[in-house]
Amino acid sequence: MPNQVHSMVAALLGTGLDPSRNILFRQSDVAAHAELAWLLSCITPLGWLQRMTQFKQKAAAVKSESSLGLLAYPVLMAADILLYRATHVPVGEDQQQHLELTRMIATTFNDRFGSNRPESREVLPKPFPMVEDEAVMRTGASRKTLSRIMSLRDPTKKMSKSDKSVLSRIELTDTADDIRKKVRKATTDAVSGIYYDREERPGVSNLLDIVSAVTGQSVAQLEAQYADYGTGAFKDSVADAVIATICPIGERIKQYEADQTYIDKVLVTGADQASELAAVTMKDVKEVMGLARHCPLGNAWADQVTGTDKGHNLAPCSNRGDCELDTGVCTCGTGFTGAACERRICPVGDDPLTGTPIDPLGIQRNEKQRVNCKATSGSFTLTFAGFTTEPIYADDTAKIVKAKFTALPSVTAATITFGGITLSACTTIGNDISIEFTQDFGDLPNIDGNAAGLVHSTPSVTPTLTFTTVTQGTKESLPCSRRGMCDINSGVCTCYPNYFSSDGNGAIGQRGDCGYVSGTVTACPGDIACSGRVVCPNDCSGHGTCYTMEQLAKLATLNGEIMGWTYGAVPNKKETWDYDMIQGCKCSAGWEGHDCSLRSCPTGDDPMTLRQQNEVQILVCKGSSGFFTLKFRDAATPQLPFNAPVTSLATALEALTTIGKVLVSYSTDANGITGTPACNAAGSNNIRIEFLTNFGDLPPFRWILDGALILTLSTDGVGGSVQGTKEEVVCSNRGICNHLTGVCRCAYGFTSSDGFGGEGDRGDCGYMEPIYLTSAARQANQV
1 MPNQVHSMVA ALLGTGLDPS RNILFRQSDV AAHAELAWLL SCITPLGWLQ RMTQFKQKAA
61 AVKSESSLGL LAYPVLMAAD ILLYRATHVP VGEDQQQHLE LTRMIATTFN DRFGSNRPES
121 REVLPKPFPM VEDEAVMRTG ASRKTLSRIM SLRDPTKKMS KSDKSVLSRI ELTDTADDIR
181 KKVRKATTDA VSGIYYDREE RPGVSNLLDI VSAVTGQSVA QLEAQYADYG TGAFKDSVAD
241 AVIATICPIG ERIKQYEADQ TYIDKVLVTG ADQASELAAV TMKDVKEVMG LARHCPLGNA
301 WADQVTGTDK GHNLAPCSNR GDCELDTGVC TCGTGFTGAA CERRICPVGD DPLTGTPIDP
361 LGIQRNEKQR VNCKATSGSF TLTFAGFTTE PIYADDTAKI VKAKFTALPS VTAATITFGG
421 ITLSACTTIG NDISIEFTQD FGDLPNIDGN AAGLVHSTPS VTPTLTFTTV TQGTKESLPC
481 SRRGMCDINS GVCTCYPNYF SSDGNGAIGQ RGDCGYVSGT VTACPGDIAC SGRVVCPNDC
541 SGHGTCYTME QLAKLATLNG EIMGWTYGAV PNKKETWDYD MIQGCKCSAG WEGHDCSLRS
601 CPTGDDPMTL RQQNEVQILV CKGSSGFFTL KFRDAATPQL PFNAPVTSLA TALEALTTIG
661 KVLVSYSTDA NGITGTPACN AAGSNNIRIE FLTNFGDLPP FRWILDGALI LTLSTDGVGG
721 SVQGTKEEVV CSNRGICNHL TGVCRCAYGF TSSDGFGGEG DRGDCGYMEP IYLTSAARQA
781 NQV
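Start counting the sequence shown at 1; every next residue gets the next number (UniProt numbering).
You may find that some hints are simply not true.
To be verified - Taking lysine-lysine and the DSBU-like style, the derived pairs with C-alpha atoms no more than 30 Å apart in a straight line are:
(1) K235 to K157
(2) K158 to K185
(3) K181 to K157
(4) K586 to K631
(5) K235 to K161
(6) K573 to K586
(7) K63 to K161
(8) K126 to K56
(9) K586 to K554
(10) K63 to K157
(11) K586 to K310
Stated by the list, open to error - Pairwise CB distance ranges (calculated):
(12) D189 to A61: 29 to 37 Å
(13) N446 to T306: 45 to 53 Å
(14) H739 to V166: 49 to 57 Å
(15) G47 to H739: 40 to 48 Å
(16) E171 to W48: 35 to 43 Å
(17) E769 to Q95: 21 to 29 Å
(18) T464 to K399: 20 to 28 Å
Just so you know, the hints here were simulated from the structure itself, not pulled from any lab data.
Cβ coordinates follow ideal geometry from the N, Cα and C atoms, glycine included.
Work out the full structure, taking the sequences as your base and the hints as a guide.
Below is the structure:
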């Protein structure tokens, strides 16, 4: 089977398929095919499958030995098509029944589960067949462009690799002699002249179809060309034409077959690409079927309010963890735990009553590990508890190594010393780098590393890193040092009497644990205990600003507009006691996520939802003096005079950061008259503003007036306005957002649009490439 797969891929590549534009993969490498087939089989009536012509024919041949796989195969074929939301499928006559079944299954699925989807778009679009007559009608192609090629030995049957006679078919890897021999032995007739007649002269007609396919000439042209040929001369000419086209393909196939490493790479890359696209469909399928995995919801530790004093709304992973959609499990941020990251982790520390000189179990020790580096140049990395350092160079000092190692999120503090008097991390004979963990207690994971970047000046010596545990850590690492109670709602330890926050070494300090025993408290026991604040995760990753809940409320937006809500403005309200004690991130433009660690991807209109409209708002300005300022989503134009012409108004609007392209027109500019003012004493000018690149139901314009002006606004279908119905969705619903780069990876057949239905540099996936049928692409891109 692997050899057959390689041969098939080599054939596809040899015929000209470009893996950079065509996704080639092994079906079994994408588990979503089998998964969707099973889900679709649960809604497919048994009678539909039993009536399939091919099943009845093959089942009759094997009788009682017919298998479930044979019966269910059309459902798998449907899954192959629907998984990638194909719009058109090339089919022969014998496959039209399968495609019709696919459409019936898609219709059944959408009817049954479509009401669970808020958008009007079908979850599984019904694909259309691309058959010969339709192709002629849509593309104007020659009638014989898609003709079926028949067997050379029996031209009433289609050419097939399963035919026992090798003379019945032309293989893509046949030699010139093989092709000529097969064509000369092809079944024809004794009638003089060469002309096309499928019923009376199937053999000659089949050869004409073959020449038409390999030369691109129409059958009518070929009939005129070969009208006076005898059968033998005609066959020689057919052979020449086939050889000219097929033999170069055969040579390329052999070249690809000889490079199986490249073919494996194509298959792996294709499987990854197909899996990403399939995941989008499966997510929607499972969502509407009620099978999707959702991460647990918890009251957000910090969020933007949804109304006055309406904070701490339900959020996945409580806005303090990342949701793994494949598993439905939250990966909580540092300091948080629970299924929904709804609980705080209290500080841990060493029990101050164990490991003392009078403890019968003996004195407890810190963990000590040793790394030996034998090299003269280059660099290495160290990995501890899942985190890896930046490159450590062979000549780095102990101070530099300490800075790089303690920068790991998994290390609180450590002391690092070198053996002997050396000043370099690595030496010719090997230097010992001793690491003592001074604030992380217990039996710790072993340090690991990567020596691939190290070099030794002696060619016969291999540079190495070796790792040894010198002293196993025996101190406890317990919540609140086992000498206090942990408040899971705040993550703060309430220490027992005479126990206080320690420095991790038996003295008072700021760890927030209860690891210091004394009769009095002389210093603040840590930031957490003193401030009571839950700080922002990861310092908002450097891509946002940390605010209190009170501050976040003032910045909260709805449809892009700051709403002016408050949180905690009413003193002593129990629901908002934490107004200045809980902090959350307000992400900078282009970043998102609870900790602002995810890059945002471009948004756009879904090109597969048709007949939608741009937002149009109508302004009427009455007055003959003064100025006005227009605001949209909290960005404002400069002051504009009452008599601003349409060009000035359009330029001012498009200069706003919240608006892309707009089309502005004045009703008083009709009939070739231009330059009329925006406002007039009668208020007779309708200022029509159409948003061309901002989609959806947009918020209304707001304004500031200076002078005797009156402005009125019509939106949402009133007074000639139009409510926007296009989507403003990530990657236009036709791709996957790579949050590491902020770039959309578009599904095959879709690419970046210009926002107007054409190809452009918007960065979304809103343009459907004309790869199936020109008319289909044109229809899909109607705006």
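Evaluation of the provided hints:
Of the supplied pair hints, the one linking K235 and K157 holds, its CA atoms being roughly 20 Å apart against a limit of 30 Å. For the given pair, K158 sits about 17 Å from K185 by alpha-carbon distance, which is consistent with the 30 Å threshold. Proposed proximity of K181 and K157 is supported: the alpha carbons are some 20 Å apart, at most 30 Å. A distance of roughly 22 Å separates the Cα atoms of K586 and K631; the hinted pair therefore holds under the 30 Å criterion.
Straight-line distance between C-alpha atoms of K235 and K161 comes to about 22 Å, which keeps the hinted pair within the 30 Å bound. Between the alpha carbons of K573 and K586 the distance comes to roughly 24 Å, so the proposed pair stays at or under 30 Å and holds. With a C-alpha separation of about 25 Å, the suggested pairing of K63 with K161 holds against the 30 Å cut-off. Distance restraint check for K126 and K56: the Cα-Cα separation of roughly 25 Å lies within the 30 Å cut-off, and the hinted pair is therefore satisfied.
Proposed proximity of K586 and K554 is supported: the alpha carbons are some 11 Å apart, at most 30 Å. The suggested pairing of K63 with K157 holds, with an alpha-carbon distance near 25 Å, which does not exceed 30 Å. The straight-line distance between the Cα atoms of K586 and K310 is roughly 17 Å, inside the 30 Å bound, and the hint therefore holds. Taken as a hint, the range 29 to 37 Å holds for the pair D189 and A61, whose Cβ atoms sit roughly 32 Å apart.
Remark: the range hint 45 to 53 Å for N446 to T306 is upheld by a beta-carbon distance near 48 Å. For H739 paired with V166, a C-beta distance near 54 Å keeps the hint of 49 to 57 Å intact. The supplied range of 40 to 48 Å is met by G47 and H739, whose beta-carbon atoms lie about 46 Å from each other. E171 and W48 have their C-beta atoms about 36 Å apart, which keeps the hinted 35 to 43 Å range intact.
A beta carbon spacing of about 25 Å between E769 and Q95 agrees with the range 21 to 29 Å that was offered as a hint. In this structure the supplied range 20 to 28 Å holds for T464 paired with K399, their Cβ-Cβ distance being about 24 Å.
In this structure, none of the earlier numbered hints is contradicted; all agree with it.
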